[in-house]
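*Asks:* Sequence:
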Amino acid sequence: MTQKTILNDTHRALGAKMVDFGGWDMPISYGSQIEEHHAVRRDAGMFDVSHMTVVDLHGARCREFLRHLLANSVDKLKASGKALYSCMLNEQGGVIDDLIVYFLAEDFFRVVVNASTRDKDLAWIEKQAAAFDVKVSERPDFAMIAVQGPHARDKVLGLLTPEARAKVAKIGKFVAAEGDGLFIARTGYTGEDGFEIIVPEKDAVSLWNRLMDAGVAPCGLGARDTLRLEMCYPLNGSDLSPDRSPIEAGLSIFVDLNKPVFIGRDVLAEQKAKGVSSRLAPLKIAGTSPPLRAHYTVFKGDSQIGELCSGTLSPSLKAGIGLAYLPTQFARIGEELEIDVRGRRFPARVEKKPFYQPATRSS
Numbered sequence: 001m002t003q004k005t006i007l008n009d010t011h012r013a014l015g016a017k018m019v020d021f022g023g024w025d026m027p028i029s030y031g032s033q034i035e036e037h038h039a040v041r042r043d044a045g046m047f048d049v050s051h052m053t054v055v056d057l058h059g060a061r062c063r064e065f066l067r068h069l070l071a072n073s074v075d076k077l078k079a080s081g082k083a084l085y086s087c088m089l090n091e092q093g094g095v096i097d098d099l100i101v102y103f104l105a106e107d108f109f110r111v112v113v114n115a116s117t118r119d120k121d122l123a124w125i126e127k128q129a130a131a132f133d134v135k136v137s138e139r140p141d142f143a144m145i146a147v148q149g150p151h152a153r154d155k156v157l158g159l160l161t162p163e164a165r166a167k168v169a170k171i172g173k174f175v176a177a178e179g180d181g182l183f184i185a186r187t188g189y190t191g192e193d194g195f196e197i198i199v200p201e202k203d204a205v206s207l208w209n210r211l212m213d214a215g216v217a218p219c220g221l222g223a224r225d226t227l228r229l230e231m232c233y234p235l236n237g238s239d240l241s242p243d244r245s246p247i248e249a250g251l252s253i254f255v256d257l258n259k260p261v262f263i264g265r266d267v268l269a270e271q272k273a274k275g276v277s278s279r280l281a282p283l284k285i286a287g288t289s290p291p292l293r294a295h296y297t298v299f300k301g302d303s304q305i306g307e308l309c310s311g312t313l314s315p316s317l318k319a320g321i322g323l324a325y326l327p328t329q330f331a332r333i334g335e336e337l338e339i340d341v342r343g344r345r346f347p348a349r350v351e352k353k354p355f356y357q358p359a360t361r362s363s
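Per our numbering, the very first residue in the sequence shown carries number 1; after that it's consecutive.
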C-alpha cells in the first residue's frame with residue numbers, strides 16, 4: 001500500500017504531479033522542474049523529505065555500537081548536535097544504506113536513513129544493536145522539510161523566535177540545533193547551503209505554509225535529483241547498493257580504516273590495499289544531447305564497458321551528465337568515451353567531481 005506524508009494534501013492542492021517513490025506518494029514537480037532547480041541554485045527551494053526515516057538510539061553503549069555499525073568514525077562527534085555522513089555496510093562491504101548520524105548525548109544518537117531501504121535498515125540496526133543493549137526507536141511522529149539555496153538560511157531564520165534564531169544562526173555545517181520545537185540541521189542533498197528541519201508531524205503543514213509565505217519555492221523530487229547529480233551525490237538504490245562498496249562508489253573519505261573493527265572492514269581494507277576493478281565515474285556529454293538516463297550503455301571504442309546508474313540533463317550546465325561504474329582504467333579524469341542514447345552514440349568525458357560548483361555549499 002502506498003504511503004503518504006502529512007503534506008500529501010498540501011502538495012495536491014498546489015497542483016503537484018505525484019509519483020510513487022519507494023512506496024511513497026511523492027511530488028515530482030509542481031509545474032516546471034527546471035524552474036524549481038533554478039530556484040534552489042539562485043534563491044531558496046524546499047522539499048518534503050518526510051518519507052525519510054528518523055531513528056533514535058538510546059543506551060550507554062551507543063557510541064560503541066555505532067563504531068561497530070558504521071564505516072565512518074563516530075569518534076569525530078564530540079559536541080552535541082554534530083553530524084556525520086557514513087555508510088552502513090554488510091559483511092561483504094556492500095552499502096546497505098548511506099545515512100547521517102547526529103550526536104546528542106553519550107546515550108542518545110539520532111540517525112536519518114533513506115525511505116526505500118527503511119525496512120531492511122531497521123531490521124539490520126535492531127539486529128546489530130541487540131548485543132550492545134541499545135534501544136532503537138523509529139520516530140513516525142516527525143516530518144522533515146529540506147530548505148536549500150543561497151537565501152535558504154535567511155528565510156528560515158526569519159521565521160524563528162529571537163531566542164531560537166540566535167541559537168540556529170550560529171551553527172556550522174553538519175551541525176544541528178533545536179529551537180521553537182524544531183530540530184534544525186545545516187545539512188542537505190543539493191550542494192547549496194540550507195537546513196534540513198525535523199518537525200513534529202502536527203506542525204509540518206503550518207511550517208510549509210509559512211516557508212511559502214516567506215518566498216521559499218516548493219520543489220519536487222525531480223529537481224532534487226538534478227541538483228544532487230550536479231554535485232555527484234550518489235543515490236542509494238541507483239548508485240549505491242549492497243553489491244558495491246563505498247570505495248568503489250568513490251566514498252573512501254567517509255571510510256575510517258583506522259578503526260580496528262566495523263562491519264565490512266576486512267573487505268574494504270583489502271580493496272584499499274589491492275585496488276578495485278571498477279569505480280563510480282562522473283560522465284558528461286561533450287556538447288548538447290538528449291537527457292541521459294539510467295541503463296544507457298557506455299562504450300570505449302567498440303567495447304561496452306558499463307552503463308549509467310543515474311543520468312539527467314543538467315539545468316545549470318545544459319549538458320547531459322551521469323554516473324556509471326567503469327573499469328578502473330577507464331574511470332580516470334579526462335578519459336574519452338561514448339554513451340549510447342537510444343541507438344545514437346554521443347562523445348562523453350570522465351569529469352572531476354562535482355560537475356557544478358555552487359557559490360555556497362552545505363557540505
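Calculated from the structure, these hints are not laboratory results. In this text the structure is predicted, and so the values were computed from the model without any measurement. A couple of the hints might just be wrong.
Said to hold, decoys possible - As a list, the in silico DSBU-like pairs of lysine-lysine whose alpha-carbon atoms are at most 30 Å apart:
#  : residue 1 : residue 2
1  : K76       : K272
2  : K167      : K78
3  : K78       : K17
4  : K259      : K173
5  : K272      : K318
6  : K76       : K4
7  : K272      : K120
8  : K284      : K173
9  : K170      : K78
10 : K120      : K202
11 : K170      : K4
12 : K272      : K259
13 : K120      : K155
14 : K155      : K135
15 : K17       : K202
16 : K76       : K17
17 : K284      : K259
18 : K284      : K272
Stated by the list, open to error - Now the in silico label distances, taken between C-beta atoms and shown as ranges:
#  : residue 1 : residue 2 : range
19 : K318      : L122      : 13 to 21 Å
20 : E178      : F299      : 49 to 57 Å
21 : R42       : R349      : 26 to 34 Å
22 : P291      : E64       : 32 to 40 Å
23 : M1        : P200      : 50 to 58 Å
24 : K318      : D133      : 37 to 45 Å
25 : E35       : E163      : 43 to 51 Å
26 : A60       : E163      : 41 to 49 Å
Beta carbons: idealized from backbone N, C-alpha and C, even for Gly.
*Asks:* Starting from the hint 43 to 51 Å, judge whether the C-beta atoms of E35 and E163 obey it.
*Replies:* violated (36 Å)
*Asks:* Taken at face value, is the distance from the CA of K4 to the CA of K76 at most 30 Å?
*Replies:* Measuring from Cα to Cα gives roughly 36 Å; hence the hint is violated.
*Asks:* Between K76 and K17, is the straight-line Cα distance small enough, at 30 Å or below?
*Replies:* Given that 30 Å is the threshold and the Cα spacing comes to 41 Å, the pair is violated.
*Asks:* Are the Cα positions of K272 and K120 separated by 30 Å at most?
*Replies:* holds (27 Å)
*Asks:* Would the pair K155 and K135 pass a check requiring their Cα atoms to be no farther apart than 30 Å?
*Replies:* Outside the cut-off at roughly 36 Å; violated.
*Asks:* Just tell me: holds or violated, for the beta carbon distance of P291 and E64 against 32 to 40 Å?
*Replies:* violated (46 Å)
*Asks:* For K259 and K173, compute the direct alpha-carbon distance and say whether it is at most 30 Å.
*Replies:* Given that 30 Å is the threshold and the Cα spacing comes to 24 Å, the pair holds.
*Asks:* Next pair to validate is K272 with K259; report whether the Cα-Cα distance is within 30 Å.
*Replies:* holds (14 Å)
*Asks:* With a cut-off of 30 Å on the C-alpha distance, tell me whether K284 and K259 pass.
*Replies:* violated (36 Å)
*Asks:* Take the C-alpha atoms of K284 and K173, compute the straight-line distance between them, and say whether it is at most 30 Å.
*Replies:* Given that 30 Å is the threshold and the Cα spacing comes to 29 Å, the pair holds.
*Asks:* Given the hint that K120 pairs with K202, test it: the Cα-Cα distance must not exceed 30 Å.
*Replies:* Given that 30 Å is the threshold and the Cα spacing comes to 27 Å, the pair holds.
*Asks:* Using the Cβ atoms, figure out if R42 sits within 26 to 34 Å of R349.
*Replies:* holds (27 Å)
The structure fails hints 3, 5, 6, 11, 13, 14, 16, 17, 19, 22, 23, 24, 25, 26 (numbered hints given earlier, in ascending order).
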